[in-house]
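Participant: Hey, can you work out the whole structure from these sequences and the hints?
Protein chains: 2
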Amino acid sequence: MIPSELNESTALLLNAHPQASTDQQACQQASIDRSGYIPESFADGVIFAQSIDDVVLAMSLAHEHGVKIVPRGAGTGLAAGSCAQAGEVVLDLSRMNQILDIDPVEQLAAVQPGVLNAEVNRAAGEHELFYAPDPASTAICSIGGNIATNAGGMWCAKYGVTRESVLSLLVVLPDGQLLRTGRRTIKGVAGYDMNALLIGSEGTLGIVVEAVLRLRPKPRFTSTMVAYFADENTAAQAASAVIAARLQPSVLELMDGKSLRAIDAALGTEHQQRGGALLLAQTDGFGAQLEMQALTQTIAPLASHVELAENEEEAHALIEARRQAIPSMELLGTVSICDIGVPRNRLAEAFAGLQRIEAERGVEIFTIAHAADGNLHPIIVVPEGQSITTGAAKLALADMFYLAKELGGTLTGEHGIGLLKQDWLAEEIGETSLQLQRRLRAVFDPQGILNPGKAI
Amino acid sequence: MIPSELNESTALLLNAHPQASTDQQACQQASIDRSGYIPESFADGVIFAQSIDDVVLAMSLAHEHGVKIVPRGAGTGLAAGSCAQAGEVVLDLSRMNQILDIDPVEQLAAVQPGVLNAEVNRAAGEHELFYAPDPASTAICSIGGNIATNAGGMWCAKYGVTRESVLSLLVVLPDGQLLRTGRRTIKGVAGYDMNALLIGSEGTLGIVVEAVLRLRPKPRFTSTMVAYFADENTAAQAASAVIAARLQPSVLELMDGKSLRAIDAALGTEHQQRGGALLLAQTDGFGAQLEMQALTQTIAPLASHVELAENEEEAHALIEARRQAIPSMELLGTVSICDIGVPRNRLAEAFAGLQRIEAERGVEIFTIAHAADGNLHPIIVVPEGQSITTGAAKLALADMFYLAKELGGTLTGEHGIGLLKQDWLAEEIGETSLQLQRRLRAVFDPQGILNPGKAI
Chain A
1 MIPSELNEST ALLLNAHPQA STDQQACQQA SIDRSGYIPE SFADGVIFAQ
51 SIDDVVLAMS LAHEHGVKIV PRGAGTGLAA GSCAQAGEVV LDLSRMNQIL
101 DIDPVEQLAA VQPGVLNAEV NRAAGEHELF YAPDPASTAI CSIGGNIATN
151 AGGMWCAKYG VTRESVLSLL VVLPDGQLLR TGRRTIKGVA GYDMNALLIG
201 SEGTLGIVVE AVLRLRPKPR FTSTMVAYFA DENTAAQAAS AVIAARLQPS
251 VLELMDGKSL RAIDAALGTE HQQRGGALLL AQTDGFGAQL EMQALTQTIA
301 PLASHVELAE NEEEAHALIE ARRQAIPSME LLGTVSICDI GVPRNRLAEA
351 FAGLQRIEAE RGVEIFTIAH AADGNLHPII VVPEGQSITT GAAKLALADM
401 FYLAKELGGT LTGEHGIGLL KQDWLAEEIG ETSLQLQRRL RAVFDPQGIL
451 NPGKAI
Chain B
1 MIPSELNEST ALLLNAHPQA STDQQACQQA SIDRSGYIPE SFADGVIFAQ
51 SIDDVVLAMS LAHEHGVKIV PRGAGTGLAA GSCAQAGEVV LDLSRMNQIL
101 DIDPVEQLAA VQPGVLNAEV NRAAGEHELF YAPDPASTAI CSIGGNIATN
151 AGGMWCAKYG VTRESVLSLL VVLPDGQLLR TGRRTIKGVA GYDMNALLIG
201 SEGTLGIVVE AVLRLRPKPR FTSTMVAYFA DENTAAQAAS AVIAARLQPS
251 VLELMDGKSL RAIDAALGTE HQQRGGALLL AQTDGFGAQL EMQALTQTIA
301 PLASHVELAE NEEEAHALIE ARRQAIPSME LLGTVSICDI GVPRNRLAEA
351 FAGLQRIEAE RGVEIFTIAH AADGNLHPII VVPEGQSITT GAAKLALADM
401 FYLAKELGGT LTGEHGIGLL KQDWLAEEIG ETSLQLQRRL RAVFDPQGIL
451 NPGKAI
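Chains as they are written, first to last, in the UniProt record's numbering: chain A, 1 to 456; chain B, 1 to 456.
No distinction is drawn between identical chains; accordingly, a pair holds when it is met within one copy or between any pair of copies.
Computed cross-link-like contacts, DMTMM-like style, restricted to lysine to aspartate or glutamate with a CA-CA straight-line distance of at most 20 Å:
#	residue 1	residue 2
1	K405	D103
2	K218	E128
3	K405	E358
Simulated from the structure, these hints should not be mistaken for lab results.
Keep in mind that this is a model prediction, so the values were computed, not measured.
Facilitator: Here is the structure:
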């Protein structure tokens, strides 16, 4: 039974789709993500797709009745890219969560969009393979969402982001047609790169219902280290020195002093006793140990303390601290995880700028960074109940954009524009590009029914 | 002075542009590439652009007068993607050949489109860096052309193709507007991936006038080997075994017996005495030697003879044989270098299929392959003076497409569709994708003036 206050077109769609729900709680849950953005109203309904046919039917009905559809994976987005409001219907892909096939010889996985990132890695691991893009949210984020945002992660330093690990997509277009992009071969240039156009398009061009992922050989050897430094500036200098020394760590993560304090408070660890900032590095491959030696020599003159993992267990413990950073901050209030990118040798300036912003705006900012890519996560934390997307927090986000811009960088390295970062998009990419991209979007979606108001 | 027989609109453009030439020989040279395709007529004129302003002026005039423009780099394309005919004007970018800036700390190079691939690598080498996409034509092909085709090469096995090494482009759109795509940071997801849309678009969406390339640290250590096998089937099995063993060579090239014969004939080498097919492998990084040991152990049971380079000079000699393969074949007649891609464990089937095609069509086919990517170069050779793009050669090309398709592969791994492969594009990518891509093209070029009739 569809509530009578819904508008006619969403009611038509929700009545006609067997997987539709208008349950209040479901609508509310499906209308928010992990960005901290709270919409003023919630979606009219949710379709819990279980099959490609369910998605085709949803888009065909939406196309026919002009209903706005918000695609959604696991809802872990950080830019409000899958938030929804009244007059919209959420198309939830989380139940399409199967690994369809792993080809260990070709090193490919065919998956549904709702499968979790960590689940792909677990299954790949059984064949001594891994899936490289590993957002911090690996345990809870879905491959479909990763594709929508061109997600990155720790291993991207060496192995590239989602775009470099997706070979082919099966996509439902806004009018319900099916489109296959790419191919199952490593290389291929027949026609435009439709994979890349879809990847990172934040659910505005089509809905991914199947993806062929490229897996990579699990490194036979790894070497893992953490080094402590007096402060962020010194740690950032060390990270830049690693790049300048032509080394290629598979992981190079920086955590500032405030992050260490949050982790220590949450987990009872004693990072702060060893330094005011931390660098986590991993090398891999047949030369992992030798490369780590070179790396350690490079940073030693700057470090106050260095710990090399003696075995797998110790390595896991060192990496786990990094994975616990964001959960530790979440204990302190409401968080907004930003993701500016800067040239890799300007990390120190970025940290200094963030400290200025923190002081000027009166908000707490904890910063961790994928240092090898120049991709920083300044994490704004406000007291529980206070808005993270307006007021001082929003002003701080604006300041971060201008900081990144001044350093030759970008507003968003791996989270996307969503709703949260719309204000600065034109300034970053330019009006010519924005208008062109909007015309490209209209080719896919002339009615403007797919994730309206998001991304570009 | 513009010849009177030209059509009015090309004459208007050529008269108005200070860098235009209607010299017969220039027009003829600018109308063909290295595909072997001979157009029935030649371009009305050539504009030898020396600056961004020259390109902007050319496209503004073309836009105003509806003149068809064929962009051209070094003219080394293999799919007739830059061939031109009467009624068209060639926009030659080869004189815009400067390296504008190398940033050794950020590991970036800003270059003009006409700079040669090898020149970028030479300049990068001075900073212990390299540019990964290295087509066999590195000494004579331009970066602009590499971008137009999303070119690959030997090192792509480990480092990816052109798309993975371009961070930002400055593009002149068909109406003369300037568009900047991407950014100078390693990561960034603000807006759609316009870099990737332009890369591989075969000069149909815009004209690249500047590119920011990602350089990579030159490996401190490399190890190089050639192994000989009884026949192509065994060599292909060995290549597949390397992939299956989870090894990651930076180079893995296969040459068939006929190629060895051509090289021996041209260079006086004695490859054939050691085997009926050859595999060239290189590993790199801190574990280069260890990884090569593992690789050699993997293929040893299948090989008849293995040679490990003892020093840089020997390694260079081993690789040089591969680089001389195509020049050696060019001594035997007119060549057409095809580039099908197949799943990596179906290489042996691909070689068997190519031998069938050779026998059935009565054309000579020599095959070399980027084995780690499953990307084969079957090289059709016909006697001098015989057409390489019609008759038996064209039938063989068709057969190759269906062979690749049957094996789950693609018609073109790295050369593009151009004019030569139009017949099979729809069958490969599907009618839905083709129509969609044509509508995307029209967003950039509603008049259809940029490289008409090519690619999609």
